[in-house]
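Q: Take these sequences, add in the hints, and give me the full structure.
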Amino acid sequence: MAPPGLTMTTPVLRVRDLRVEFRSNQAALTAVNGVDLDLDRGEVLGLVGESGSGKSVTGLAMMGLIDPPGHVTGGSVRLAGQELVGQAEHELRSVRGRRLAMIFQDPTTTLNPVLRIDTQMIEALRAHERISVRSARRRVSEALEKVGIPAASERMYSYPHQFSGGMRQRIAIAIALLHNPDVLIADEATTALDVSRQAQVLSEIQSLAEAAGTAMIWITHDLSVVAGLADRIAVMYAGRIVETGRVADILTAPAHPYTAGLIASVPRHDRSSRRLAQIRGSAPSLSHIPPGCAFSDRCDFAAPACRAAPPPTIEGKHGRSVRCLYPLVSDEAHA
Amino acid sequence: MFAYIIRRVAQSVFVLFSIALLVFLAIYAIGDPVITLAPQDATTAELEATARRLGMDRPLYQQFFIFLSNAAQGDFGRSFVYGEPALNVVLSRLPATLELALFAAFLAVVIGVPLGMYAGLKPDSAGGKSIMLGSILGFSLPSFWQGLMLILLFAVVLRWLPAGGRGDVGSIWGLQSSFFTFDGISHLLLPALNMALFKVALIIRVARAATRETIGQDFMLFARAKGLPPTRLVGVHLLKNILIPVVTVLGLELGSLIAFAIVTESVFAYPGMGKLLVDSIGQLDRPVIVAYLMATVLMFVVINLIVDLLYAALDPRIRLSGGEA
Amino acid sequence: MGETRANPAPADSGTINSDGQSLLSLQVAAFFASPAATLATVVLTLIIVGATLAPLIAPQHPYDLAQLDIMNGMLAPGARDGDNRLLLLGTDEQGRDILSAILFGLRTSLLVGVVSTGVACLAGSAIGILAAYFGGRIDALTMRIVDLQLSVPSILVALVLLAAFGRGVDKVILALIIVQWAYYARAARGAALVERNKEYIEAARSLELSNLQIMFTHLLPNALPPLIVIATAQIAHAIALEATLSFLGAGVPVTEPSLGMLIASGYNYLLSGQYWVSTYPGIALVIAVGAINLMGDRLRDVLNPRLAN
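Line by line, the protein sequences give chains A, B and C.
So the first sequence is numbered by our numbering: it starts at 1 and just counts up by one.
So the second sequence is numbered by our numbering: it starts at 1001 and just counts up by one.
So the third sequence is numbered by our numbering: it starts at 2001 and just counts up by one.
Hints may contain errors.
What the hints assert, rightly or not - Selected chain B positions facing chain A (Cβ under 8 Å, derived; list incomplete):
{"hint": "1", "residue": "T1043"}
{"hint": "2", "residue": "K1129"}
{"hint": "3", "residue": "R1159"}
{"hint": "4", "residue": "R1212"}
{"hint": "5", "residue": "E1213"}
{"hint": "6", "residue": "F1219"}
{"hint": "7", "residue": "L1221"}
{"hint": "8", "residue": "F1222"}
{"hint": "9", "residue": "A1225"}
{"hint": "10", "residue": "K1226"}
{"hint": "11", "residue": "G1227"}
{"hint": "12", "residue": "T1231"}
{"hint": "13", "residue": "N1241"}
By construction, these hints were calculated from the structure, which means they are not laboratory data.
Even for Gly, the Cβ is constructed at its ideal location relative to N, Cα and C.
A: Set out below in structure tokens:
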């Protein structure tokens, strides 16, 4: 998938120790607490976690779209070697939408209701390219056709509310892919669609991104969505990545008790007779994260040492890593 | 959309009918309508003519319909002061007042929307806070006194603008307006500013609230994620969304602008409908008062109708869904 | 700010218990947490004291013709009159001391503002609560009238009413009551509709209290916060409206003190640069109205009633 001249070993996106805090008068809450991520060219990474785990904030932080009271307080986001954290706004703007794009959960609210589709797409083109309105319009029409909007050259003059939710998400995807970005961050992009459409839109996005050579970070709370889509998975809990690895490795042999709990709670056809397992307790709020391992309160295997200090990251083969003192499987067992 | 228009027109007719009934009852409640609506020095023959015109020999409900049909034909009697049909006297002043109100509405938007947007985008900045404090104080400035202070500053001390009156009327394509001459605009500027300031505080609040609501929306985040420059985010995505509530509120307030022209026109000796009303009250020129009321209410109703249709035109969700929103 | 006002539970309706007391003191503390609101309260208190004590502290009785000397007419601020008394804010064409005239004028302003708002608030909320309580056609008809009234600007209604009534403080008050009642009727009805279906009203009904008793002991206290906020804004509005009507020559008669008329009498001198007759009474008016509006704005934040929009 990599364009010639670039080796697969250089990640297109490299995130190191990313930190985001939300400050109020009383306290600073850490929403993202030292996140490391690597994304290879053309790769699909599933970023999985419960709501409040910091996965959406991580996505916005990579885009440089954290607004006060939130602040990126440290770390590095490198897009093909170019540092984004701490860059001037106009530098970030030239990256956003061109090399790094993002789509959101609710397609009924991501498009401006009072602007026509063509307006919203042409402006996205002209934000990064010197291009006449006429040829921009042609590009828009092609982009819409590519995502499966029928009669695109006419329907592009419509307003968002004249399209169904699924169509609107396709339009958002068309906008995000206008410039063939290096990376597309999709935040729960199919969650709001009904189940029958989810799979269809999902596979369409996948093939479009593949064709454009775009790597994807697919943010979701739903493991089953990324199972068939992602190359690798990163599991996030209370602002930290607790486990990363190849999809097959993680799904068949989760190392972190939290990942294991997530997998056990996914409904599956082949074991529908069994009662779904639930992780006991609920995700901690940002203001009440336990010291030590954030998951220790809910973990069946927690020992006193887990509550003493945050566990270190244990690295394994094939980019596998886990943040747990007592991982469920030793790396050698399945490597 | 068509059904929507029909329903709105029916509502408007109901309001007109109700106001006509109130005005009618008021005339009859004050005393003998013949005495009320005839000049003080009227001869017996004139009084009889007035009585006939009003149908005084008929039952009350028939008199109301006579009043209505006279009103519908624009017949409110003759002005005691000008000796002309009262409605003509009122309507001859209409262009001056409309110019004033439209200019004021324009100034209110031009001043109020940017300030409101700024206060909404930077609510915690010193500038944003001063704008909001200023808007509370703006609510507190009585329009008539504010007008006097504008005269004192710009006409007496600085001598930049005339203190009052209406300027020359120019003509473009057969349309007569003081917008078309420099003198006309210089006379309009102070009174229009005075009336605009009266509404600026309100526009600021509406624009600020709408701004705060809009910037929290997903589509603004998505627009930023596209890499759009701030000028486009604020000038197109934000502005287009906040114009809907601003135009609605301003349209609803246009009626009140025309009514408050009473005050501004009196302060600036501006020969519009409002000053006419105050003069007529002073001179007990009752046919003119009645004609003014009915003409003004008709205008309110028509303006409200236009605002609703304009609102539908600005918001595609309403425009295209038949206005049931 | 925030949710300082808890949802009224069945227990705390009607009577003020210890819980209500602490809520009240919380609200008072929240109110004075704002420097602007505190300053406004102090200023308004000074204005009320000054206006009330005007006959005692004013250098002159400005509407007693025997005390006016035409020789002292149009003296500039800081000048001294024939008796060598300092005229802080100057005099008008009749030799009336502007400072004294302002103090007396504020009496009229406050009287008109408070009385008209008070009566309109009581009458309007009674009508609104009755409409909400009975519902059906009575409610629909009342609200039609309210909508109609609110669609016509207050200045127009007041002016036409006064054209019919003639001039006088009592007539101005009456006109302002008619102009204002609909605001309270709408707000009280809105609040009462919310409360009507709550459990404790049902409870009161099952105790077989009379309808009127239920309405005024249970609904009114809960409809109170929005009414207080509206009333504060309306007092300011009424004061400004009285001054405007008097300025236009339709309000208070010439023999009575009024800031609006004082400002009108300085109109002709303004153009020749003799600014003080129109300027100072206007500043007094703006300070009074502004202080009340600032307090009203803070009250809205503190009481946080989701005002009927």
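Q: Going through the earlier hints one by one, which of them does the structure break, listed in rising order?
A: 1, 2, 3, 4, 5, 12
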